[in-house]
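A.B. asks: What follows is the residue order along each chain.
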Amino acid sequence: MLRRAKPLFHKLLGSAILMGMLGHQAVADEVERWQVNMTPGVTPVSQEIYGLHMLIFWICVAISVIVFGALAYTIYAHRRSKNREPSTFHEHLGLEIFWTAIPFLILVVMAIPATRSLIHMYDTDTEVDLDVVVTGYQWKWQYEYLGKEVSFFSNLHEDSNAARQLGSGVDVNTIPNYLLEVDRPLVVPVKQKIRFLVTANDVIHAWWVPALGIKRDAIPGFVRESWAYIEEPGIYRGVCAELCGRDHGFMPIVVQAVEQAEFNEWIAQEQAAAAELRELAAQTFTFEDLYERGEGVYNRSCAACHGAQGQGVPGAFPAIAGSAVATGPLEAHLDVVLNGVPGTAMQAFGAQLSPVDIAAVVTFQRNAFGNNMGDQVQPVDVVQQQNQ
Amino acid sequence: MATQGSYYVPEQSKLPLFASLGMFLTVFGAAGWINGSESGMTVFFAGALVLASVMWTWFSTVIKENLAGLNNDQLKRSYVWGMGWFIFSEVMFFAAFFGALFYLRQFAVPWLAGEGHSAMTNELLWKGFENEWPLLTTPEQVREGEAAARFIGAHEPMGWAGLPLINTIILLTSSFTVHFAHTALKNANRKMFNIWLGATVALGIAFLILQVEEYVHAYEELGLTLNAGVYGTTFFMLTGFHGAHVTLGTFMLLVMWLRGLKGHFKHDDAFGFEAASWYWHFVDVVWVGLFIFVYILGS
Amino acid sequence: MAHGPAKGISRWLFTTNHKDIGTMYMWFSFAMFLLGGAFAMVIRAELFQPGMQLVEPEFFNQMTTMHGLVMVFGAIMPAFVGLANWMIPLMIGAPDMALPRMNNWSFWILPFAFLMLASTFFMEGGAPNFGWTFYAPLSTTYAPPSVTFFIFAVHIMGASSIMGSINIIATVLNMRAPGMTLMKMPLFVWTWLITAFLLVAVMPVLAGAVTMMLMDIHFGTSFFDAAGGGDPVLFQHVFWFFGHPEVYIIILPGFGVVSQVIPAFSRKPLFGYSSMVYATASIAFLSFIVWAHHMFTVGMPLAGELYFMYATMLIAVPTGVKVFNWITTMWRGSMTFETPMLFAIAFVILFTMGGFTGLMLGIAPSDIQYHDSYFVVAHFHYTMVAGAIFSLTAGIYYWLPKWTGKMYNETLGKTQFWIAFIGFNLTFFPQHFVGLAGMQRRVPDYALQFADFNMLSSIGAFMFGMSQLMLLFNVINTILAGKRAEKDKVWDGAEGLEWTVPSPAPYHTFSTPPQVK
Ligand code: HEA
Ligand code: HEA
Ligand code: CUA
Ligand SMILES: [Cu+2]
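So the protein lines, in turn, are chains C, H and V. Residue numbers are given in the working numbering: position 226 of the first sequence equals residue 226, and the series is strictly consecutive. Residue numbers are given in the working numbering: position 127 of the second sequence equals residue 127, and the series is strictly consecutive. Residue numbers are given in the working numbering: position 311 of the third sequence equals residue 311, and the series is strictly consecutive.
Keep in mind that the hints were calculated from the coordinates and are not lab data. Honestly, I wouldn't trust all of these hints.
Which residues of chain V face chain C? A few of them, derived with a C-beta cut under 7 Å, are [claimed, not checked]:
1. Leu13
2. Glu58
3. Phe59
4. Tyr142
5. Thr297
6. Met300
7. Arg332
8. Gln369
In this text, a Cβ means the ideal position worked out from N, Cα and C, and glycines have one as well.
Next comes chain C alone, as it looks inside the complex (with noise of 0.2 Å):
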């Protein structure tokens, strides 16, 4: 991902299997996009993976440049050709010791630093920082900032979004960062030690930023720990690990490293942005207003399932056009939106969006694709069904 120190192993390998492959030299840019190797990171622990990464593979390497020349040998120096009488020795109990001891002996030396690293990646209790839940939902993540009021969506930009789509006719090399932009990323300061409690709230899903040297899986009803002392501001990208469903390519992961003084400014910016949110849960909106903001949400939140228009995917995700619920009862409606139905993918909204957007996109579902109920709902209905 974001890589600033390229070290030489990089360039070399790089490059030399550039000039083999291809028979051309990287262009500076092109490199980037010929990475291959494990990025170094930006955290202790990434640098030790890394580390760790090299120096077994140099041992890997060390040991095929032994076993592989013994058999190029052999291959050329007891061909038929040249070698018209073979031996018939066939056993040699010395030799087998040997080659069963000198293995053993090389994996003890790499179980030592290995044992030392997974130690440290399992340190999760000590002098923590900052908390930050980390909740996977099919496709997107959640970022709560334990004790702070803060919390949020990210979910694949929408550039992206709409570049991805079967046929979509949209060229994706011309979208930045194609696949690995969120709307919202997660800020965290830097050099801080910050633990990401990571679960999930439907099926697995794994929350890997290799910058980070993090890939924790997400696990419905159990919160799994770990952490990450970032050195450097940056911007590190990230994906989904764990196949999740449909859209499991799709939900990228951002993380925006900053200083602390802006972190502290930040959080005192979403602080005050939730709270707006909450004094806009007591208000009464226009028929207008809840359509146009419904269908925003209903876009981003609702359409991977029951699709743009609201079609559905047979067999999997019911059409909202022409719906039962959509169409029947108020009450109803509300009830699968806000507690989802147990069981299925369909989530229970209450805990993800705010009254007002709940409002909004039952508001819209109910008038959108056809279903022209003509009725409207306000946020404050939204609260008092939830508080019932």
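Go by the hints and put chains H and V with the ligands onto chain C.
C.D. replies: Chains H and V with the ligands only, in chain C's frame:
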């Protein structure tokens, strides 16, 4: 490996193909049935009928071959190996469920309750949920309340002292009776063979009746159901599969009993009976495991 | 009993002959290989360029899932069972398999099982789309309705494998010719004996795993649902308790084939026969106690993580012994490089590379970065395609003259080898790079920096696919128009009872047992 020259290699046979067809229809029908398709049940029963009649013919053929003296000692050893490894595979099937019980009880439930490295699991998701076994209050019950929960724990665990203990005694006794039957056969005492084997079958049936009784008790009085969280889950899956195996074992012994009445088996040639009796011992050993891990340590 | 094969289609439908059944297994598995390969072609075509061009993501996931399932359960496993059926009785001097009728049953279940699996494509909600590892709850609560059919298909597939394995064990333990002691058996027979043991031990566990799924989906249990006190990770433990031995089930018979081929073309006995046997047994033993190395990122307790890392690393030792023994077998031999030998040597090289990446994956801290990336995909295709498929191909060329009595076209064979070798590496070597650079598995589309290597990979895949069609052509051509094999012992360096019978091998062999000295 003496008389290999006469190893019996059967002629062509239609049985395997039709057995496969029966098997296919059975499971295809079952899947459809479970998924709510209308024809599923019919296909299932049609398949089961095909499978059952093929198996009937198949076993009859094997028995006839043996009576006709086509099987030499080596072939009989093949049957012995076959039955032995089949029982081993059954052991591994149960191992999966015992493993699940062990994992859920030792790891999953304590983690959900915040033990070990999982304080935050409890803190953020299941506040108030506590580790206990048997698990009578599910995490969902704690969080969502009784009304909204899908998994509602039992009011009371299944004790071991009542029916289960009786059933243990029954099964253990039946292992002895089947052994006595074997000894009787070896001594060419057909009368005692029939009596002891009949007694074993009767004990098997008694076990099954009591097991049904126990399930009714669990569902109606203890609130112990398949939906009762992992306690109910492991309880019914382990005892249920065991019960299914007892049913099969009883059926096998019953067939052997009937064959015995027809004068099959010789004191040195009784593979069918012996196979059924090994199976019976295996079922018995599994029960002892169940009795310890599900009943005694689980209540 | 001195009768030949029956006439017409009934020969195949009702046969109890190990050679017929072996042949059917081989053809069935090749058909499945083409099917699984066709799914792979869809995958590679979609991944040829960034952006979605051909299929919906939903369908792509079905392709990935069915590719993995069909290749593992439909192509590789039946192919090796086919080899076992053909060769084990010939190699140990037995008149047939121990339980011939059950043998035919084991085979005929398979076409039905895969018919059932394939039928899910036409069901509402589509085929299984949760990966060949079908992790809960994606495969339970969130699965399409066809999952029920998938579950039962796995059940009967498992029944077939268990019966097939029991048959092999009974054959090997009970049907050896006089004088054929265990430690005189060809290595292929040994590896299959151990593989069959693994199968009998772990297929029931897989059956248990899918049964738990079935109960969770339809009958209200909560094995994999935390709300009832269960744990989705339990599924992974049960699955990988089956799944890890499964990958050795896939490779051990391949080790066996290579251990026959290399001595034959080196004209020198296998080096370290007994240590090969012990190494195989050690690998099998270790395979039971390393399963959670597939789960390093689920957040097991530290102690568990460390244990599974150490145990996994240990497997390198016995596997290394095998590699070293093969090379020492060649040492000071008198080697020629016919097609089987080419595939066997490529196997040794490429499998070792796959083993090295396996070892890297086994290092838990680094696996945090590798896991579920294309690095893993590269690893397991090096072990399974260059391992299982290459060794199978070596075996097919090696024994084809014995089966058909005719010689295959050597030039075509060698050409196929080189196209396969280059195509294979072009497909899967770049996947190491994109994986390390951060490309995750099981995605229909990817970020732009991965575009170049993916294009290379797709080109290689098409090339490799073509080479498989050449294999098919070569086999059919041999059967229809091959030159007669001149000698019963087709390869002058080959050893073993199978070369003492005529080529093609008569319908019934060793009706009176040979005497082995
Ligand atoms: C034929 C199949 C096969 C074989 C033989 C192997 C062999 C090995 N595999 Fe692999 N593996 C798979 C098939 C296979 N694997 C599959 C299908 C998956 C993915 C499943 C999925 O998720 O879909 C997988 C995934 C997988 C993972 C999980 C990765 C992840 O998802 O994060 C790991 C981790 O430890 C691993 C390790 C190993 C190891 C240590 C070996 C060892 O057996 C290798 C041993 C061999 C050598 C090491 C080389 C020879 C040795 C020497 C020359 C001696 C000297 C060497 C040293 C001292 C280093 N494998
Ligand atoms: C032994 C098993 C085996 C074998 C032989 C193969 C063979 C191949 N696999 Fe395999 N693969 C798996 C087992 C195997 N795979 C498994 C277990 C997974 C994981 C699944 C999961 O994630 O759940 C996987 C996943 C997997 C992926 C990752 C998919 C993803 O993560 O989304 C890819 C991508 O490139 C891939 C490619 C290929 C290719 C190109 C071949 C080639 O070798 C295939 C070559 C064969 C043919 C092509 C057939 C012959 C020719 C024709 C049918 C004629 C048509 C030919 C042309 C049009 C050229 N495989
Ligand atoms: Cu979420 Cu993959
Ligand atoms: Cu493994």
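A.B. asks: Confirm or reject each hint.
C.D. replies: Tested hints:
no., hint, result
1, Leu13, "violated, 36 Å"
2, Glu58, "holds, 5 Å"
3, Phe59, "violated, 10 Å"
4, Tyr142, "holds, 5 Å"
5, Thr297, "holds, 5 Å"
6, Met300, "violated, 10 Å"
7, Arg332, "holds, 4 Å"
8, Gln369, "holds, 6 Å"
Hints 1, 3 and 6 from the earlier list are contradicted by this structure; the remaining hints agree with it.
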